[in-house]
Amino acid sequence: MSEGMVEFRPVNNKGLGKNAPSAFERTFKAEITSIHQLTSMENLYRMQIIDPSERKGFSFEPGQFVMLELPGIGEAPFSITSSPLRHGDIELCIRKAGSLTNFLSRVGRGTRVGIRGPLGTGFPMEKMHGNDILLIAGGLGLAPLRACISYAQDNRSRFHNVDIVYGAKEPSQFLFTYQYDWWRADDIGLHITVEKPDDSWKGPVGMTTGILDQILASRGSSFHENTYAIVCGPPVMFKFVCSMLTQKNLPMQKMFVSLERRMQCGMGKCCRCNVGSTYICLKGPVFDYWTVMNLKEAI
Amino acid sequence: MLNSGRTYLGVPVSRPKVGFFDFSSCEGCQLQMVNNESTLLDFLALVQIVNFREAMTGESDDYDIAFVEGSITRPDEVDRLQAIRSRAKVLVALGSCACFGGVNQLKNRFRDLPWVKETVYGGAAVETDVVRPLHDVVTVDLMIYGCPVRKEEVEKVVTNIAIGKEIAYPKYPVCMECKANENICLFDLGEACLGPVTRAGCGAWCPGSRAGCWGCRGPADDPNMEQMKRLMQERGISEEMILDRLECFGGFCEFSDALRAEMSKENP
Amino acid sequence: MKVNCNVNVHHLSRVEGHGAIGITIRDGKVERASWEVIETPRFFEAILSGKRWENAPVITGRICGICSIGHTLASIRAVENAFAITPTEQTGNLRLLLKHMETLQSHVLHLYFLAAPDFLGAGSVFPLIESAPDVVARAARMKLLANDVCDCVGGRRLHPTRTVVGGFTMLPEKKELSRFRERLIAASADLTQTAELFTTFKIPDFARETEFVSLKGEGAYPFIGGRLISSDGVEKEEHEYRGMTNEFLVSQSTSKWARLSRESYAVGALARLNNNFAHLHPAAAEVASLFHLKPVCHNPYMNNIAQLVECVHVVKDAVRIIDSLLDAQWEEPKQEITPRAGRGVGAVEVPRGILYHCYEFDDSGHVVKADCVIPTGQNHANIQLDLEYLASRYASEGMTDRDISLLAQMLVRSYDPCISCSVH
Amino acid sequence: MLFKVIAKEELKRLFELLASSHTVVGPVKTGRDRTGLPLYAFDEVERFEDLSLDYAMTKIPAKRFFLPYREDMAVFEMRKDDWNKKVDYNMDRPRIFFGMHPCDINALNRLDKVLMGETYPMPYYIAKRQNTVIIGIDCTPRPYCFCRSMAADTALHGFDMFLTDIGERYFAEILSDTAFNFLRLIKTAEPAGEDHVLYKKAAAARNERFVTQVDTTDLMKILDMEFQSDVWKQWGDKCLSCGTCSNVCPTCYCYSVEATVDLKLTTARKTKMLYSCNLIDFAEVAGAHNFRPERHIRLKYRYYHKHRGFVEAYEESLCVGCGRCGESCLAGITVPEVIASVRSTL
Ligand SMILES: Cc1cc2nc3c(=O)[nH]c(=O)nc-3n(C[C@H](O)[C@H](O)[C@H](O)COP(=O)(O)OP(=O)(O)OC[C@H]3O[C@@H](n4cnc5c(N)ncnc54)[C@H](O)[C@@H]3O)c2cc1C
Ligand code: SF4
Ligand code: SF4
Ligand code: SF4
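Protein chains in written order, with this note's numbering: chain C, 1 to 299; chain R, 1 to 268; chain W, 1 to 424; chain P, 1 to 346.
Isolated chain C, as found in the complex:
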């Protein structure tokens, strides 16, 4: 090289850690192995990372999400809804909502998709060991909670009471109905409610907060000492739920919520998910309620 020539410095591509530049657009190719229609709007997609070693290396925590990519169609964040024990066998519960998700509803088994992740923070399940957990979900919010439920099932002895409070608009919108008996069989309390009942509906009617109220009333006054709450659903819902729990003295640090924001990169660069200047994709989507309270315009 002659004097005064500047040498080209390639970007270091070695290493697969979070800190290597190559981690940025690293996509695992996965194949859709089954598609299961849950409701008229939601499908459950099971997919498997094709490369066996990548599949093994893929581990995540309940609450974390992946970016799912269909080349030329789009990429979007989805919470992993399957059990963390299943590694690169991933289940996503996806609602038809826009360009990518509508296209996805037309693809078949065998379709190859791109997966980036796992991304974001998860629910701190280990911290909750030895306690009661209250899982409160509204609508599609059940998707990430299902990973927690699987975790609780797989580690049932590590928790005392496990209760799910789950509300949907209409009976036809309940997700994962085929699993309810199985959950109950593992001694998980399942309390479901609808806002708009139909003729066949026999269960409770109303908001999740109504059921929650009943459950809390049945618990002793010291319930806040040994309970953790995980809340996921539309912003209005978790605002009500969390303030209700706060009133019952549950510390804000023991309530976890998952925030939803627009995301493009999932890696703290595109800024689309920023609240204030907190990247929901990096610091979240799972936050304790205290942190959320301190985020301007989070809810």
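The hints are simulated quantities; they were obtained by calculation from the structure and are not laboratory data. Careful, some of the hints might be misleading.
[What the hints assert, rightly or not] Residues from chain P that keep clear of chain C, each with C-beta distances beyond 12 Å, as calculated:
{"id": "1", "residue": "K29"}
{"id": "2", "residue": "P94"}
{"id": "3", "residue": "A202"}
[Said to hold, decoys possible] Residues on chain C that point at chain P, a partial pick, calculated with CB under 10 Å:
{"id": "4", "residue": "S22"}
{"id": "5", "residue": "A23"}
{"id": "6", "residue": "E75"}
{"id": "7", "residue": "E126"}
{"id": "8", "residue": "K127"}
{"id": "9", "residue": "G130"}
{"id": "10", "residue": "V205"}
{"id": "11", "residue": "R261"}
{"id": "12", "residue": "M263"}
{"id": "13", "residue": "G266"}
{"id": "14", "residue": "G268"}
{"id": "15", "residue": "G276"}
{"id": "16", "residue": "S277"}
Virtual Cβ for every residue (Gly too), placed ideally from N, Cα, C.
Following the hints, put chains R, W and P with the ligands in place on chain C, whose structure we already have.
Below, chains R, W and P with the ligands alone, put in the same frame as chain C:
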């Protein structure tokens, strides 16, 4: 829609039958399709053109997508458009005339059709109505903005229809594209520009030529018209000039009508 | 003798705009031979009324998508003439270059996509894509070149953005111009092959004497401004265009008709060539001789060939213009404009013939009165008379209705009519 | 830090030597504004004469050479029902940036913190940043500059060499061996005492020209307190939501991603385009829910990100005080005025 035999990500790709139709217009938007020299073959692999009077003899009433250019200015056009609507699965308004009335709608500002006819045709009997965009007459499924439309945009729409992907337009104004192209802002040059309120997607075509935007693509989502007027006035650009641009292609008619009314109140 | 014939073409295809042909012959008598224009009028002249001068080119450019550059330039010229502005040499050169490339793209479009399918027995260019891909590719190549130059000089191939009263908003890069120079030179081969292709076509042997009107070439083959001339010997100044056009209304058409010394006259490539043959570039004249085309040719089908000849001319001339632009130092692109009261006419030879824009302004530069006379409008009467003649002549030669219909359609198409433009 | 002095004609020689074997980018004149003042931009330069080293301020910052306005992040080769993702960082040769002002250098330094930091460093940026040699140059502050308030008026790192005009010569600070090797190609001298005097004089003269100031004392807290203040609405009424501020800002890096398929259906692309938090759909999600539907809320967010959040995370603001956004804003929204208005509602 016909299956093309191809798939995209395993999903069958359709090869829709398309027709091009024109009403009162310069037919420039259709011409943009013929102007596809470099991509025409790929375009024709995606769609089957069954109706394109400007380019071919022979027509068919069997089509999935109708690309309709031009505005509606005569009763017979209403009938023809309705017939097209009843046959097409998807009706696409092609260009500013179809979307907003285009330059043709400038005659509406006189609110005096007999005078308009008299000016051009003397006493002769000529039929003409108030100029209307397509969506005033039939349901329009998609709009492709611009005077003229950009062929890249039409191609993108057609590709998306073929593979069944949703079509989204920029909601932001032309300034975004203008800055990204590093154009000199027309206001720096002392000229007027509607870029801050006009829907992007043209690639800041006019500002890229150091010519101000005339708003041919109509308003962006939630345009700040008050500020637009204010900033033009601060820079000594006359209300008339603002009006000229706002009303030129019809996309801003809601605002230009108001401005015209305001101005005539000031100096009746 | 053909006794009965009934031809009805409601929406003539492969032309710009809506027109209908009808021929009825009963018992050997031509009962009807008509060329009807059913396009909806758009009232551009009324639209302009009261508008500031700056609007004129932007709005009237939209009269026609195919010759939007020509309309824009005619409009600009009319405004400049009204305000007594003389464009700089640089502006003149750039405008002519732009004009040439519009002529090229329009002629190529017409020759290959609109006219050639008739000679090749196809309904459109689409089947030719498979059967004669090299022919289509050649046409696309020439059109692309012309369009690319228009993008570069005018800002956009259709409804140009850089052309304004006083000059240009922005100048092309000289680097780009020299690249186009190379491509223009390389286009000679395509033009030669185009000429060869057209020699294989059977041009109908048909002639009807008529008058041809165009700009008068003074020193060069004319395109933008100058004196007006007819093959019958009428000569006028640009601003006296009304004396050339004598527009009148007819019931079968929403477009106005025109006449001069006879019942009708023709404008277009053939008219230009008939009136200005001496000014053709030698290479273009050579192509003309290949087809035995020389003035005064009265076969309207030969307008196709005249267009071909002009393609050669504009390509050669474009190289000359680029050379002189490259040699010159760039000046300011635009002159200052001071509006004033007055009347201005801009006559421009667009692909389909001579086009006039005329505006009257008040002292603040607002349009008091506007008038646009479109080439196709001027041709309508001539087309009508040609059709009548065609009906009477060919009806006697034992042809089928289909043959007559095709010949009639080809006849109208030869004029390359731009109907929506004529009903502006 | 090493110092050298360079005669002006030697700099020309250096440019020519470098330009003969590299892509060189620098400030050039692109036209004149309505008052006749020249307009500048960064562009590729081949001849030293085309370079305007005494440029005032470019309308568009140097950022686009590091974060292009549009850039393909990945190209997919679509095969029958399968695909192959190809990632290219879109930088294949080193580039030399000749003449960058301190504010633009500092802007890159601040971008480095996010884009080259610990978590998910962004290779597209790194490739360009690592492969751009930066020769900085001092500036003459404009009335709208407030870089001094944002601690960005001098660049301490993030460049290879920095030049200060001291009359006949340039006073050069050398930060990298690359720059050091460049200087071996031309005649340079060790600065003499007189050069030091001249340098300090130049710096003092420059400092005197800063007229606009922004008070950043306690700004983080004040912004938190004034989150609901009405001044935001007033600015929001003016805001055109056109994204110009972000586009001309040397530190705004937000982006959007678009996926497209070509006409042949054989290639798909994932393209990134710089976005702006002021655009209406910045925080819109599926189902048309918009987390920031109003103009003033979006405008406010831009200020919170720059002057509060970033400070919290990195102890400096994401604004270098170049004043470009205010200069380009057609509604006349300037950082100094906005911040002053927020403060005065106290
Ligand atoms: C952390 C997280 C977890 C999620 N988990 C699930 C889940 O388990 N199941 C599910 O059905 N949905 C989930 N969503 C919402 C899901 O991301 C959106 O429905 C999806 O982005 C819609 O994409 P689209 O291309 O179909 O819609 P479009 O409206 O066409 O969106 C275009 C782009 O906008 C962005 N976008 C749009 N809506 C959202 C949104 N709500 N959130 C984030 N980005 C968005 C995406 O980048 C997307 O590519 C989650 C969102 C987040 C942030
Ligand atoms: S020229 Fe027009 S579009 Fe471009 S930045 Fe200026 S105002 Fe916006
Ligand atoms: S810049 Fe404006 S007038 Fe020009 S094409 Fe774009 S939207 Fe139309
Ligand atoms: S002054 Fe404006 S443009 Fe400059 S760094 Fe600050 S926010 Fe960005």
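(message) Please list, smallest to largest, the hint numbers that this structure does not respect.
(response) 2, 7, 8, 9, 10
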